[in-house]
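Chains E, G, P, B, F and D, in that order, give the protein sequences.
Using my numbering, the first residue of the first sequence is number 1, and each one after it goes up by one.
Using my numbering, the first residue of the second sequence is number 1, and each one after it goes up by one.
Using my numbering, the first residue of the third sequence is number 1, and each one after it goes up by one.
Using my numbering, the first residue of the fourth sequence is number 1, and each one after it goes up by one.
Using my numbering, the first residue of the fifth sequence is number 1, and each one after it goes up by one.
Using my numbering, the first residue of the sixth sequence is number 1, and each one after it goes up by one.
Any given hint could be a false lead.
[Said to hold, decoys possible] DSS-like cross-link-like pairs, simulated, lysine-lysine; straight-line CA separation at most 25 Å:
{"hint": "1", "chain 1": "E", "residue 1": "Lys45", "chain 2": "F", "residue 2": "Lys184"}
{"hint": "2", "chain 1": "D", "residue 1": "Lys45", "chain 2": "D", "residue 2": "Lys4"}
{"hint": "3", "chain 1": "B", "residue 1": "Lys176", "chain 2": "D", "residue 2": "Lys73"}
{"hint": "4", "chain 1": "P", "residue 1": "Lys148", "chain 2": "P", "residue 2": "Lys136"}
{"hint": "5", "chain 1": "G", "residue 1": "Lys184", "chain 2": "P", "residue 2": "Lys320"}
{"hint": "6", "chain 1": "B", "residue 1": "Lys26", "chain 2": "B", "residue 2": "Lys97"}
{"hint": "7", "chain 1": "E", "residue 1": "Lys320", "chain 2": "F", "residue 2": "Lys176"}
{"hint": "8", "chain 1": "F", "residue 1": "Lys135", "chain 2": "E", "residue 2": "Lys126"}
{"hint": "9", "chain 1": "D", "residue 1": "Lys97", "chain 2": "D", "residue 2": "Lys136"}
{"hint": "10", "chain 1": "F", "residue 1": "Lys176", "chain 2": "F", "residue 2": "Lys135"}
{"hint": "11", "chain 1": "G", "residue 1": "Lys184", "chain 2": "P", "residue 2": "Lys289"}
{"hint": "12", "chain 1": "F", "residue 1": "Lys73", "chain 2": "F", "residue 2": "Lys148"}
{"hint": "13", "chain 1": "G", "residue 1": "Lys320", "chain 2": "B", "residue 2": "Lys320"}
{"hint": "14", "chain 1": "D", "residue 1": "Lys73", "chain 2": "B", "residue 2": "Lys184"}
{"hint": "15", "chain 1": "G", "residue 1": "Lys289", "chain 2": "P", "residue 2": "Lys184"}
{"hint": "16", "chain 1": "P", "residue 1": "Lys184", "chain 2": "P", "residue 2": "Lys148"}
{"hint": "17", "chain 1": "E", "residue 1": "Lys73", "chain 2": "E", "residue 2": "Lys289"}
{"hint": "18", "chain 1": "F", "residue 1": "Lys320", "chain 2": "F", "residue 2": "Lys176"}
{"hint": "19", "chain 1": "E", "residue 1": "Lys128", "chain 2": "E", "residue 2": "Lys184"}
{"hint": "20", "chain 1": "G", "residue 1": "Lys320", "chain 2": "P", "residue 2": "Lys184"}
{"hint": "21", "chain 1": "D", "residue 1": "Lys184", "chain 2": "D", "residue 2": "Lys148"}
{"hint": "22", "chain 1": "B", "residue 1": "Lys320", "chain 2": "D", "residue 2": "Lys184"}
{"hint": "23", "chain 1": "E", "residue 1": "Lys289", "chain 2": "F", "residue 2": "Lys289"}
To be clear, the hints were calculated from the coordinates, so they are not data collected in a lab.
Protein chains: 6
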Amino acid sequence: MADKRMYINQLMPGQTVDQVFLIRDKDLRTTKSGGLYIVCTLCDKTGTLPARMWQASESIFNSIPVDGFLHIKGRTEDYKGSLQFIIDAMRPYSADKADLAEFIPVTECDVEEMWAELLEILRAIKNKHLRLLIKKFVEDQEFVDAFKRSPAAMSIHNPFVGGLLEHTLAMARAAKALLGLYPKLNADLVLAGVFLHDIGKAAELTSGVTIKYTDRGQLVGHITISAIWVSEKAAEIARETSEPFPQRTVDLLQHIILSHHGQHEFGSPKLPAIPEAFLIHYLDNLDAKMYMTANAVENDPDAAASFTTYLRQLETRIYKLSGELE
Amino acid sequence: MADKRMYINQLMPGQTVDQVFLIRDKDLRTTKSGGLYIVCTLCDKTGTLPARMWQASESIFNSIPVDGFLHIKGRTEDYKGSLQFIIDAMRPYSADKADLAEFIPVTECDVEEMWAELLEILRAIKNKHLRLLIKKFVEDQEFVDAFKRSPAAMSIHNPFVGGLLEHTLAMARAAKALLGLYPKLNADLVLAGVFLHDIGKAAELTSGVTIKYTDRGQLVGHITISAIWVSEKAAEIARETSEPFPQRTVDLLQHIILSHHGQHEFGSPKLPAIPEAFLIHYLDNLDAKMYMTANAVENDPDAAASFTTYLRQLETRIYKLSGELE
Amino acid sequence: MADKRMYINQLMPGQTVDQVFLIRDKDLRTTKSGGLYIVCTLCDKTGTLPARMWQASESIFNSIPVDGFLHIKGRTEDYKGSLQFIIDAMRPYSADKADLAEFIPVTECDVEEMWAELLEILRAIKNKHLRLLIKKFVEDQEFVDAFKRSPAAMSIHNPFVGGLLEHTLAMARAAKALLGLYPKLNADLVLAGVFLHDIGKAAELTSGVTIKYTDRGQLVGHITISAIWVSEKAAEIARETSEPFPQRTVDLLQHIILSHHGQHEFGSPKLPAIPEAFLIHYLDNLDAKMYMTANAVENDPDAAASFTTYLRQLETRIYKLSGELE
Amino acid sequence: MADKRMYINQLMPGQTVDQVFLIRDKDLRTTKSGGLYIVCTLCDKTGTLPARMWQASESIFNSIPVDGFLHIKGRTEDYKGSLQFIIDAMRPYSADKADLAEFIPVTECDVEEMWAELLEILRAIKNKHLRLLIKKFVEDQEFVDAFKRSPAAMSIHNPFVGGLLEHTLAMARAAKALLGLYPKLNADLVLAGVFLHDIGKAAELTSGVTIKYTDRGQLVGHITISAIWVSEKAAEIARETSEPFPQRTVDLLQHIILSHHGQHEFGSPKLPAIPEAFLIHYLDNLDAKMYMTANAVENDPDAAASFTTYLRQLETRIYKLSGELE
Amino acid sequence: MADKRMYINQLMPGQTVDQVFLIRDKDLRTTKSGGLYIVCTLCDKTGTLPARMWQASESIFNSIPVDGFLHIKGRTEDYKGSLQFIIDAMRPYSADKADLAEFIPVTECDVEEMWAELLEILRAIKNKHLRLLIKKFVEDQEFVDAFKRSPAAMSIHNPFVGGLLEHTLAMARAAKALLGLYPKLNADLVLAGVFLHDIGKAAELTSGVTIKYTDRGQLVGHITISAIWVSEKAAEIARETSEPFPQRTVDLLQHIILSHHGQHEFGSPKLPAIPEAFLIHYLDNLDAKMYMTANAVENDPDAAASFTTYLRQLETRIYKLSGELE
Amino acid sequence: MADKRMYINQLMPGQTVDQVFLIRDKDLRTTKSGGLYIVCTLCDKTGTLPARMWQASESIFNSIPVDGFLHIKGRTEDYKGSLQFIIDAMRPYSADKADLAEFIPVTECDVEEMWAELLEILRAIKNKHLRLLIKKFVEDQEFVDAFKRSPAAMSIHNPFVGGLLEHTLAMARAAKALLGLYPKLNADLVLAGVFLHDIGKAAELTSGVTIKYTDRGQLVGHITISAIWVSEKAAEIARETSEPFPQRTVDLLQHIILSHHGQHEFGSPKLPAIPEAFLIHYLDNLDAKMYMTANAVENDPDAAASFTTYLRQLETRIYKLSGELE
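Take the sequences, apply the hints, and build the full model.
Next up, the structure:
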């Protein structure tokens, strides 16, 4: 294995490769002449690559770890216009030795810088109780670690480590930019709401080698988890200060969380009923759509087409050339 | 005021009345000749009655308490086929002296008997953690008082003091009757889920002189409040026993609560994903519909018609004669 | 062919098999080197198995009956983690000689016992006209045979011979269990309605070697067919007794049939407008969901996952572990 | 009472009237000074007129028949821009003496001429079984009488005696005009389908002094009733000819009937699955919309406005001036 | 008439008034004793006031102009908790003499300042063709006058003279604030799109004494009108410069206009398919919701309630106290 | 290459072919043994045929033009019950030499005859301005050429050269047939509306070798393009005649165009608000459904089945035997 990794998104047909990959989705198949071959998926943080190993055996197949690592020798080739990998040899590779940063998709921004900027924006909050509440979250190291690692979604937008932070920060910046234009809004509530609106994602999704829903994520969901965490932190403060934490403050934050999907059919048990909830709903949607459209354009398989393939989530195809006016 | 109260649902046109009423919705109006008259609503636990006082004055009007009590003299008359009350004289009446049981609509069943029967049914639960959790709720006197008083809904079904308990008990009886027929169901989870599915109603609705949504009820809603209370009690148990309360148990109870409206558009952030949640969803719906249809038939204004008026909630009129086959 | 059949759901990779199968979906394909092979599906009452025959010819292909039987020699093997069958030889097998009980999916319960129990429950009906009507159906041997054989649905729930009876009996038991709890219901109407609600399925679906929609099933549907049959039997009674059969009784039974899907978009031309129709709608849904969730859990391909695959019909995945609380 | 009736749609403010009216919706009310007055509705075939009788008494009120007749003296006046009737005196009038043709809204076309033209169009049907089936209906005098009297709908379109025939004939004419343009259509099936598509309306709606839903109409509905009648007539033919009536013919006619509302949410349990059903669905809709738009324009209260009031059924207002191009 | 007008929103019960009002919705009614009285609505730019004139006559009634002016003497009084006006005398008042600024609801901002700020923001556009196109609109004095006068909507948001400009400017400010945060957006296209997205409102709505839909507004709608105007101006430029105006630029601007309602059911024939269209859709919605929530809170009739009345447009009530945290 | 072309829809398995095809969708794939083969689609005006070339090379692959022509030698064979083509040799073929009429799907009717018949029907229009407008379109040779070539849709109905004309003519014939039955309709407006309702299709879809959406088609859509063209032609007339073209005429034509899809969710920004728009909406739908059902029946892969496969567009399968009654 050479000094420098060759990342999947940089590979070209006809290259020889000898390095570690993360493995997903293995299959043992028989050829028409009765031989066995293996189909699996190689991953690193830049993407995935379908691979085949001819002349395989059941024991080789059994030695392949799913969601684990293999040191692989082989070569790339073009198949149906897409890249495919032919495995010549493989050997186990311990997860302990692997540099996770090479394999897990991760935000391209600096996590600590983003976190610092988010805290800086939240510092504008003046309301004493909201400040206490945010402090409580920020000082909960376990929460902060999970929040920094969490993706923003399973696949739709910002689906990578740090995605939740990246998305939350983008919304905080936008909120800051708009608050001056709508002075009737309660700026403290908006900023606290932006910070807290999706925190339950940190418990809804795993943020390890692969992004998946947790059981609690599927059964309860990030919206309710976020609301519960607000209640828990408020109760902690009340116990520590021996003073009731203001109920209306909790109610309003939970209302913002519960209503931020904007419609019942998108999983919100409540519809926005305060202007601050409307603002957060639109900023959330806007930031997600900015990611989704940019991502659809960048990753569209047919580079020559002026429209991307149809995107079920957006009920349309995206036109790629809006940036290029004569 | 005579020894025995004449209840509103027993009054006939042409009666003279001299007793205390609860007052709602007062208005001061001017006749076409410039005089003033008062329009208001008299209430007791059996219903409401529109009333008018001719030859009124602004000071009389101001002396009328909304959601408070008046000692009233007057008579009933027929107006447009409905009963109306003509007030001849009124004087203030202290809420302290009023016997609330005469004024607030209340379940016709015995609250303590219902509560005892519900506890008896819950006693069948064998799982240790579920037993602990239910014990925690049952020993929380403030919760129990609120639960016993709470209506089941603002107006749609069981809208009276004790309605939540009545509805919960009806579902518990039905669950008990069906559990033997579907032995694959987790009976403990079903029974605990029935008990807890609507507990947040006790904080969503007021249960005093008039039933109204609380601010927290409108902003957060009983579904989320119920889920939060389960988390809180589980956390209390964990603190007291110094052992983690099983997360899956909390997840499943919260899932049942969150999904029991069955569809996103009815405010459920999650759809049923376990058979126990489906059962509770159908039993909840069934009991509500049994109340709504019976209530529509009993209170339909046109006794001679074979169908009730159109019921927006059910998207239909109800046929009154399904009980009378030749 | 050995004395005892090896059923499809018991086969393991690497077994040699020599017995009769029901055949479905045959295809003749050419390999890349120009040879021919056959792809087909083997069936028995426990499931289906994809099969291939290498070195095939067009005449072999033509000799394979679709929805007919073949005596087959060959062996099982693992392909992509699933079982596949390699056919070495085949010869025709007359449908007359085949023991249909081995090939057609059939209820696991005893049909005659179920039928007897259903009649026993219906015996509680007191209304003279409803008793006459049910007697008319029960004495129509052609109807009874079809009813006993009919599946409850094409694929969604109880899709096997006897499934309609199994589903109807389950609903009758549940109705019996709940009638005591809702004494205002017309119990006679409920029990007759449960019996009749889906009878048209016997004409909507075939119940032979494969379950399919009949032309009449697709053009007219079981809801309308059921309603028509009620009219026909009532007319027969009227002709035989020379007395009009009470119209309201027919109307109410037809209303229950027409409204039992509960919503227009599920094919009900009428919405429930009597409490008895609501009860039957919920019991129907409940029993179907109990089948669907249990079936999804039992047949989920990935045994290790805590959730099943996504079920379009339920708009969710099912959590498999609700029965296992700590 | 003079020789010639003054119809309601010709009355102007300030006229004295002394003639018989049909009465609907009576109410006894008290004035603010305690007096009694009566509010009721006068009807004849041209419309309805709100009426008041001052200085009334309970006994006068009780003597007024609802859906019956009164000989009335009084005068018209303008009230809020609309016409109102002030009753000076009234006396009972026997329904036997009333000329119903003056009171019941009725098609402006000649019923017998329309019926003859419809039969003439149906005569083009060549298929033997369809001819037999239509003959069966046409020779059923009770059916024909009801069909000729039936309105096409309660209020939405052609809501008057003969409306069903008028609507059916309009569709038959349109079908005849289009059949030549779409020669692949089964013309026999189209014509028979047009005739039968709405026949159940004759049992769904009363066609007497007032148009109302019957109980059977509300519980079962005209779509299912129409389908049942087709089954009944086909069975009669089979009994009389001792030959089975072709099942497919029944299936297709019932399919056309069941699907002619075009969408589940409009009460069709089946969607169109043959071109003949699509044609009938569109012709039905087209004829109804032609009635509704013309009727909305003719009866719009504000003659000066270029748009009618909002029509909930059409989700829009209708522009009145499409006929007037420069 | 005194020197200074008393505006409707400042009137209190019991005041004597002698000044000009704009009149709407007049009615002539008869009292129960047979007298005539007039009901009408008085308007000025601050609101509307129901008024009655007792002892009226038909000739007085006929002399009242609808959407015209009257000089009125009378007094205010309290009726059912709301203000009502009693007219003692009235005389015609020529529209020519009326100071329209007193009667027509008008933005509270300075129109010329807003227009200047909007042009300043648009000056940031660098693309030559977009600059030309905007210049074409800005130099079309008839368009500019209409644009400055147009309301933003009939009633939902900014329903007053200058409302369209106010709304457009608010969106332009917000776009400017966010463009820096989403650098991949085509800023020129966003700014031009914001300016043009609703211009057709100037032809859809009247902006005179009362806001109404024009016939063209109802038949064609502002979305299509806006798109047509873009085509027209581009064609003018092409004619003047003898060079084709770039088609893609027209397509993208029209796409933004057509898709800015975001969903088909809100009248958009196209869904957003470029990121710029999503941004404009959200900013449009956000600004409208900020107006609607603030307006609902300010004008809620029950000042004591913590929630406004139910708002059909938002499917909820608005909580008034989100600005007041402890 | 023989004198006479063998069209794709006439080919049988086992034929040798040596002629020119239009090529679409090429792919280069590797066999399991490492060899290369090509997969592509052969087209002519009668259909498409999947083809494979074994023993291929990258240079052969590169020489294949997509949406271009090849002279091909090879043979047909049966694969999975469908026809497949094995290419033995290929050589480039210039598009200039190809007879496009052999390759592009084209209406089976005579374009010039259809156009003449359409003009003849339009000649019945009497309104001067509508005549001028239609003349303007008919004299625009570029428009006429595009209109005659345009398909009526991408795939749903009449997806071939001349399809728009065929569909428009069919509607014009139907309109002509019905106008006599609904004399209140403005016949001139109906006929002009039929002609113009879909003209934008000529710019929405390409009509060359393959039918695709244009960028403008996807971004703006044929509904809006059609409306714009009406405005443009009216403006031209106004410029030429120096008289304003009547605005109401433009409004009504645009209203018909905008509303002809009948519902917002099908892309209509306006709902029909004049009877003429309803008629055109139904005739458009009717003609499309007649094409879709006939086409589904003719092209259903399983000739023996009585129902076609499920058609997503119609939400049903189509019954094939409605034309065959006993």
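Quick rundown of the hints versus the structure:
no., hint, result
1, E:Lys45 with F:Lys184, "holds, 23 Å"
2, D:Lys45 with D:Lys4, "holds, 15 Å"
3, B:Lys176 with D:Lys73, "violated, 52 Å"
4, P:Lys148 with P:Lys136, "holds, 16 Å"
5, G:Lys184 with P:Lys320, "holds, 12 Å"
6, B:Lys26 with B:Lys97, "holds, 22 Å"
7, E:Lys320 with F:Lys176, "holds, 23 Å"
8, F:Lys135 with E:Lys126, "violated, 45 Å"
9, D:Lys97 with D:Lys136, "violated, 36 Å"
10, F:Lys176 with F:Lys135, "holds, 20 Å"
11, G:Lys184 with P:Lys289, "holds, 13 Å"
12, F:Lys73 with F:Lys148, "violated, 35 Å"
13, G:Lys320 with B:Lys320, "violated, 44 Å"
14, D:Lys73 with B:Lys184, "violated, 39 Å"
15, G:Lys289 with P:Lys184, "holds, 13 Å"
16, P:Lys184 with P:Lys148, "violated, 32 Å"
17, E:Lys73 with E:Lys289, "violated, 40 Å"
18, F:Lys320 with F:Lys176, "violated, 30 Å"
19, E:Lys128 with E:Lys184, "holds, 20 Å"
20, G:Lys320 with P:Lys184, "holds, 12 Å"
21, D:Lys184 with D:Lys148, "violated, 32 Å"
22, B:Lys320 with D:Lys184, "holds, 12 Å"
23, E:Lys289 with F:Lys289, "holds, 20 Å"
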